[in-house]
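**Student:** Join the two chains, each given in its own frame, into one complex according to the hints.
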Amino acid sequence: MKDNKYFLDDKPDKISYSEVWQKFFNWARAKSLWVVAYGTGCGSIEIPPMVTSRFDAERFGVSTVGTPRQADVLIISGYLAVKTLKRVIRVYEQMQSPKYVVGLGACTVNGGMYYDSYNTVNLVELYIPIDVYVAGCMPRPEAILAGFAQLMKKIKEGRADGWKHYLDNFEQYRKNQEKIIKNWKIPNYNW
Amino acid sequence: MWIWYKVLYALIVVIGGLAYGLLLGGISRKITARLQGRRGPSVFQNYIDLIKLIRKRTAISHGVMFFLAPMFRLLGGIGVLLLVPIIANNTALSNFSFGGDLIVVLYFMVFGCLGMALGAADSGHPHSALAPTRGLAQMAGYELPFLLSVIGLAIAHNTVSLSNLVAAQQGGILHWNLFQYPFLSIAGLIAMLGMYMAYPFSVVMAPQEIAVGPPTEYSSTFLSFMFTGRSIFGVGKYVLFMDLFLGGATNLVEAFVKTFVLFLFVVFISNVFPRYRTEQAVRFFWTYPLVIGLIDFIRIFIK
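As given, the protein sequences belong to chains A and B, one line each in that order. Each residue of the first sequence is one higher than the one before, counting from 1 in the working numbering. Each residue of the second sequence is one higher than the one before, counting from 1001 in the working numbering.
Possibly wrong hints are sitting among the right ones.
[Said to hold, decoys possible] Sample of chain B residues lacking proximity to chain A, with all beta carbon distances greater than 12 Å (derived):
1) 1014
2) 1053
3) 1060
4) 1163
5) 1222
6) 1274
7) 1280
8) 1291
[What the hints assert, rightly or not] Per label pair, the in silico range of CB-to-CB distance:
9) A:54 x B:1006: 50 to 58 Å
10) A:24 x B:1133: 53 to 61 Å
11) A:18 x B:1003: 35 to 43 Å
12) A:21 x B:1016: 22 to 30 Å
13) B:1008 x A:24: 25 to 33 Å
14) A:83 x B:1054: 34 to 42 Å
15) B:1137 x A:82: 39 to 47 Å
16) A:169 x B:1140: 33 to 41 Å
17) B:1016 x A:53: 30 to 38 Å
Derived from the structure by calculation, the hints contain no laboratory data. Glycine included, each C-beta is placed from N, C-alpha and C at the ideal position.
Okay, chain B solo, but in the shape it has when bound (with noise of 0.2 Å):
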């Protein structure tokens, strides 16, 4: 019988997840707008598209891969956002975390990236197939902070549970990795705005550039399952950063409340930078947020 409320806990996160996406994604376009000046569309419009682009018709046809891809985006997207506790111990929201979840979530957050990477280089579209190279080089980049990070703080709370992670970071403001491990935060909190292609190394969509990147030759459904698996994506990724370093939540105001700090961290850095070219993002990566990670990464070796 705990099955079936499992799966309805499941149903109720991802749907509850896509919404809260979306709403994050339109509130992202009215910020850009009032920041340009402009009054914008509806917080709303990201729904509007949805709806617009499920009952588009589609009649176009790359191979196996094109109609797989979408459905590996959307996949990844749900699998890092049902595996990663949105309230620790609860047992409704704390998803199907388990002893060693870290692991598999940062299997899933690649999974993603992979089968988009696939699909694109099928469409047979130049810019699409163009894309897929800057997004894999790119994701070299931001990975070894990113891990690096993650590992940190394996290492130090001697877990790879983000459960246990969250436990180890209870009891007040200054328990959080982000006051404990600063310097790892930082790093990872960079790497995450490479994981959002937020604007200083938005290379792999790249508008105005590259067409729109991979989905160039995706249309209508297609598009809709990527839409959806990008705003699935995004809060998974945001509820993981809250877990690993602003020490998880209690409650469903406190976990909307980080999430939302989290999310004008990544838009507020993305409206006021140009975009860096890959190699630029890769040596960005590769040096800055890597050596000021390192920082903490002795400490605790040293403790």
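This is chain A alone, in the form it adopts within the complex (with noise of 0.2 Å):
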């Protein structure tokens, strides 16, 4: 524990175990998503219906909860700015591994139709891992089912190790974000 008790500045180790324990955790993950309700820009709109009634997606096993400590996944909803980036990368951080990164949108691809905007991060995987994106302006509920679907398929086959690609990359992560975050005033890391 260093001075400041509520973070912890070590960097996590990473999870291995027996080739069936990991399959079977692995199938555990996929069937239970829990994502962090956070909307980044306008496609968080396409995510009530996503959840309500109309599309359901906890008949997938896919709920939202309220902290990002409890969440799996993160769903990059729409463009971000240069201030959202951010918040983005602390709620990130505080996610709990094994954790996802879902971009919505032609925005986080290639910066979409603001693309040219002085405040409009073009290219999101520069700064954080992302598992799968979902094409689209705005993508429709179902699209963003599919890519569930996507990334569902990826973590069962143990392929959805974004996050572990940021561990591996953490310093030439941690170099582009701070090129475009001006006042970098928070802790080093937030595990």
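**Tutor:** Now the structure itself:
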């Protein structure tokens, strides 16, 4: 424990089990995805129909939680401003591994219709690892559900390892983040 | 030698209670979904959630009480489940019930909540510090009608042993306390809604209002312990209320049916009401159930 008792600065270890257990846990992870209720852009308007009666994501085990500590999935819903990126990084780092990120809409792929704005992050993948992209402007709830099906498939096969990539290339990611966020005042890492 | 049999039976009861509690949680989610016109998750969704939570990473530290609180919660749950007789006078399923078990159960029911309050206050998150203040206020609300009904039954049957209470209710459906002392039962059953934080009294967890309440900072393994504790505690309370008001059980099928009826009572009421504020909940508990319970309480004294 360091001087600030609410943050641990040490980096987490990676989890490793035997293959059978890994497969079993991957199956459980794929079947129970808790999404942190945090909307970054206009795409967050597509999330309420996805989790309520019409499209009912809960039948796939996808439900929303109100706190990043308990969440497995972070949805980047739409374009990211530089100001929002800082919050997204904090939320992402507060989530506990294994964690996954879904990028919604064209804005997360290449900036979308805001590509030439002074304030928009064009390539989100430079700053946090993204496991599944859902293209569209905006994608309908069906498309988001299809994206979740893709994510589940990746998790079951053990290929959804964006969080491992983030750990391995942490210095590089941090360098990229500090390049565009000028007043960097958050702890080095709040795991 | 007999002590090992006791340990074995206790293990079976705890594991069975956990499995049953998780299943009830899944059924509750399914019923909620169907009432909202959704298909809903599988009834086994809670098992999957638990498996996932156990193997998530944990790297959060907020001090000693933060680590101890899930243990307190689990211990409170196991304590209640192991003290109430599921089937009275059965070697395996009467658990650790003894002459004064009602008093100890009353203590254990508060134990988990207090541990949880300490842990949540230690976790340094404003939402989780706010929730215990609401929870303890609401607990002061429902404890009063609950204690009134429990003490009333104890005085009426002249015993503080749950096994004796069950024995006093045998001999037909009209001997149940639900029909012998209907007003005390109404007070107790309304207090039960408060204990389960069912919807008119859901201000403690308050989804969408204060994140997820006390466990806001808890994740992964901690949360799985809380989840386990809550499931076991839930089953323990259903069994306790079955023993108090519904005449206990003479076999396992009867126990399942009666606890399931109590569970449906909580779930259906929970799904049709909006949420009370804390002071509204306390005011409700201290007026209607308390006054209704007092009718029978006075009747017992006059008799």
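**Student:** Work down the list of hints and note, for each, if the structure agrees.
**Tutor:** These are the hints, each one checked on the structure:
| no. | hint | in the structure |
| --- | --- | --- |
| 1 | 1014 | 22 Å, holds |
| 2 | 1053 | 8 Å, violated |
| 3 | 1060 | 7 Å, violated |
| 4 | 1163 | 40 Å, holds |
| 5 | 1222 | 9 Å, violated |
| 6 | 1274 | 17 Å, holds |
| 7 | 1280 | 23 Å, holds |
| 8 | 1291 | 37 Å, holds |
| 9 | A:54 x B:1006: 50 to 58 Å | 53 Å, holds |
| 10 | A:24 x B:1133: 53 to 61 Å | 41 Å, violated |
| 11 | A:18 x B:1003: 35 to 43 Å | 36 Å, holds |
| 12 | A:21 x B:1016: 22 to 30 Å | 25 Å, holds |
| 13 | B:1008 x A:24: 25 to 33 Å | 27 Å, holds |
| 14 | A:83 x B:1054: 34 to 42 Å | 37 Å, holds |
| 15 | B:1137 x A:82: 39 to 47 Å | 43 Å, holds |
| 16 | A:169 x B:1140: 33 to 41 Å | 53 Å, violated |
| 17 | B:1016 x A:53: 30 to 38 Å | 35 Å, holds |
Checked against the numbered hints above, the structure breaks hints 2, 3, 5, 10 and 16 and satisfies the rest.
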